[in-house]
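Which chain is which? The protein sequence lines are A and B, in order.
Quick note on numbering: UniProt numbering labels position 94 of the first sequence as 94, and the sequence is numbered without any gaps.
Quick note on numbering: UniProt numbering labels position 25 of the second sequence as 25, and the sequence is numbered without any gaps.
Be a bit skeptical, because a hint or two may be false.
It does not matter which identical chain is meant; a pair holds if it fits inside one copy or across any two.
As the list claims (entries may be wrong) - Result set (DSS-like, lysine-lysine): computed pairs, CA atoms no more than 27 Å apart in a straight line:
#, residue 1, residue 2
1, Lys230, Lys210
2, Lys178, Lys338
3, Lys133, Lys263
4, Lys18, Lys176
5, Lys43, Lys28
6, Lys43, Lys210
7, Lys210, Lys101
8, Lys230, Lys178
9, Lys288, Lys28
10, Lys101, Lys18
11, Lys338, Lys121
12, Lys101, Lys133
13, Lys43, Lys32
14, Lys210, Lys133
Calculated from the structure, these hints are not laboratory results.
2 protein chains.
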Amino acid sequence: MEVDVMSNISITTVDKSKIDSFDFENVKFGAKFTDHMLVCEYKNNAWQQMEIKPYSAIELDPSARVFHYGQAIFEGMKAYKDDNDDVWLFRPDQNFERFNKSAVRLAMPEIDEERFIGGLKALIDLERAWVRKGQGNSLYIRPFMIATESGVIASPSNEFLFCILLSPAKSYYSGKIKVQIAEHFSRAANGGIGAAKAAGNYSAQFYPTKLAQEAGFNQVIWTDSATHTKLEEAGTMNVFFRIKDTLYTAPTSERILDGVTRKSLIELAKSEGYQVEVRPVLVEEITKAAADGTLKEIFGAGTAAVINQIEGFSYKEQYYQLPELKDEECFALDLKNKLTRIQNKLANDPFEWTVKI
Amino acid sequence: MEVDVMSNISITTVDKSKIDSFDFENVKFGAKFTDHMLVCEYKNNAWQQMEIKPYSAIELDPSARVFHYGQAIFEGMKAYKDDNDDVWLFRPDQNFERFNKSAVRLAMPEIDEERFIGGLKALIDLERAWVRKGQGNSLYIRPFMIATESGVIASPSNEFLFCILLSPAKSYYSGKIKVQIAEHFSRAANGGIGAAKAAGNYSAQFYPTKLAQEAGFNQVIWTDSATHTKLEEAGTMNVFFRIKDTLYTAPTSERILDGVTRKSLIELAKSEGYQVEVRPVLVEEITKAAADGTLKEIFGAGTAAVINQIEGFSYKEQYYQLPELKDEECFALDLKNKLTRIQNKLANDPFEWTVKI
Ligand SMILES: Cc1ncc(COP(=O)(O)O)c(C=O)c1O
Ligand SMILES: Cc1ncc(COP(=O)(O)O)c(C=O)c1O
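So here's chain A without its partners, still in its complex pose (with noise of 0.2 Å):
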């Protein structure tokens, strides 16, 4: 069945849904997808119609830029239901603005709002069914963009796919994690794409994240690849820490991922009458606060995981632990059941942040 929506959209749909088949209580995240999803191409210099199709391969010539150069970029956002069923994203604008200036940085063309906003409506206006109500409930929502030109000469493609995805989430990370912080691995550099959300910042930190692992620690924390004395970020979520009854959290930089989850909490955290510093955090005054006590929180910051907390962790062979509080006493979980709640429409959004499809 081809139909025609807006002039710019042509919808093919699947004969039968497969929701029936899918299991809403054992979600695994990011592995499943929804009936449908969009692509549009570029090419000519020019993005063309989009398309929303039954989920299917993507077909590319084995030179293909993206296999050979890594030309490649994505978002990660998500979308909520609420009681009377509407749906609703969260902060659509940022991840916008953030995708075209991963694109910029990777040579990339800009999409138009009508397409990344618009497009990514009309897909989920047609999956509804898959987003479920309740806080944590949400449809994880994978916008990315791929060099489909042939050739294996190290420039820029002419030619690109983007394309959205839609999987059903809960929340990403079950239980507290344990980090190593980085001495001689890096994850970005000035002068380099930290802050892009490209495809190859990512394999970069599986190595590192593999070693870190098999020494018994969840995830690395990122310090500067210069000095490897500030901490940065996480391997998909930006970091906070809470001294005393202070959050501090790293300024974005050339290095950092400027994240959604991350700007909310500072917002909501300081409407909530949290102490929040955006400073540079050296890796030394978070061991001096651990080894005094004072360190009471840390905590990754990110879309998929929302609010991560951090039990402990090691630097130059010594293992931090961090005190045990009472949920009522930990800023994480305060912050991050406020922040579900907005995102969730279980709560007022003072702030404007959800938008509704």
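Use these hints to put chain B with the ligands onto chain A, whose structure you have.
Same frame as chain A, now just chain B with the ligands:
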């Protein structure tokens, strides 16, 4: 037609070769490929049977790791034909080793020699007609590996595809190039993946290179990300500097690709009586040498271009033009000639670098 040549390889050939329609006079580097390709899957913790088959599209789930996290590596090497129609590889052991080093750094499985070297020999053997004789002529070989497992979760794939493509080549660049020395952008950092031939390293360079091109330069010479004071390498070439009659090139490091051309040139140049020093090369000493007239040559060295002469460079808004040397005074031309003659089997190979297929 399906034949088993070795227990571990299946071969399906094209019905009709497209070689007659290939224009060997006007070859654009990396744009066109031979009739066949080699593929080999990695799954269930093991490399599967190799397959040589007609060059054809790769089909992947849209959530395949390579599209989202850039888990992809490659190699670049060449085959040459001598006057007796024998086909030769140049130091394939070096590319094989480097491929596996890249694999480790990107958390990908290493591949065995039978598949990498054996596989490419079998493929080239089938494509002998595509290798043309004559100095500078070659068949460019592109082994690569991509992460194929589906799922948008930022962790290493458990499934991979190894693939080899072949593309007839002449030389890569024509004429001398102008370069820009990087002052702000960077290619790699300590603790990063600069020494790996990882896909993500290349797309990271596209935007700064585009800016350099808009300013009238062909390429960027990267400096160390921490201080921007040391000259490292170009996009796909290591770099040599001649001051008076000595050649200088940076030592390889975590940030610099260990180029086969670079190491071969160092050995060849030494054996030809040239003075070669491998040590960090400072931007400052090069601008100084350019100013006082002792900087005679700069050239890039890599498989694709072999040697690419650089006629001048810009640094801090200033352009430094190198002297016009007579051809017979150029170390670059002499070394390029000697190396390509060894590669094309037009000269003796005292180093035993060439390997017959
Ligand atoms: C490297 C990195 N840092 C931080 C984040 C958090 O950003 P956001 O809150 O926008 O999801 C992400 C995204 O998931 C990320 O990939
Ligand atoms: C970043 C980089 N540096 C240097 C080189 C040169 O290495 P080789 O001489 O092995 O081709 C390459 C490969 O082409 C490269 O990609």
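Hint-by-hint comparison with the structure:
1. Lys230 - Lys210: within (22 Å within a copy, 31 Å between copies)
2. Lys178 - Lys338: For lysine 178 and lysine 338, the Cα distance is within 27 Å only inside one copy (24 Å; across copies 56 Å).
3. Lys133 - Lys263: within (25 Å within a copy, 61 Å between copies)
4. Lys18 - Lys176: neither (34 Å within a copy, 59 Å between copies)
5. Lys43 - Lys28: between (35 Å within a copy, 21 Å between copies)
6. Lys43 - Lys210: between (38 Å within a copy, 19 Å between copies)
7. Lys210 - Lys101: Classified as between; 16 Å across copies, 29 Å inside a copy.
8. Lys230 - Lys178: Within. Shortest intra-copy distance 19 Å satisfies the 27 Å Cα cut-off; inter-copy 37 Å does not.
9. Lys288 - Lys28: neither (38 Å within a copy, 59 Å between copies)
10. Lys101 - Lys18: neither (35 Å within a copy, 42 Å between copies)
11. Lys338 - Lys121: For lysine 338 and lysine 121, the Cα distance is within 27 Å only inside one copy (25 Å; across copies 61 Å).
12. Lys101 - Lys133: neither (32 Å within a copy, 47 Å between copies)
13. Lys43 - Lys32: Between copies only: 20 Å across chains, 30 Å inside a chain, cut-off 27 Å.
14. Lys210 - Lys133: neither (35 Å within a copy, 46 Å between copies)
Checked against the numbered hints given earlier, the structure breaks hints 4, 9, 10, 12, 14 and satisfies all the rest.
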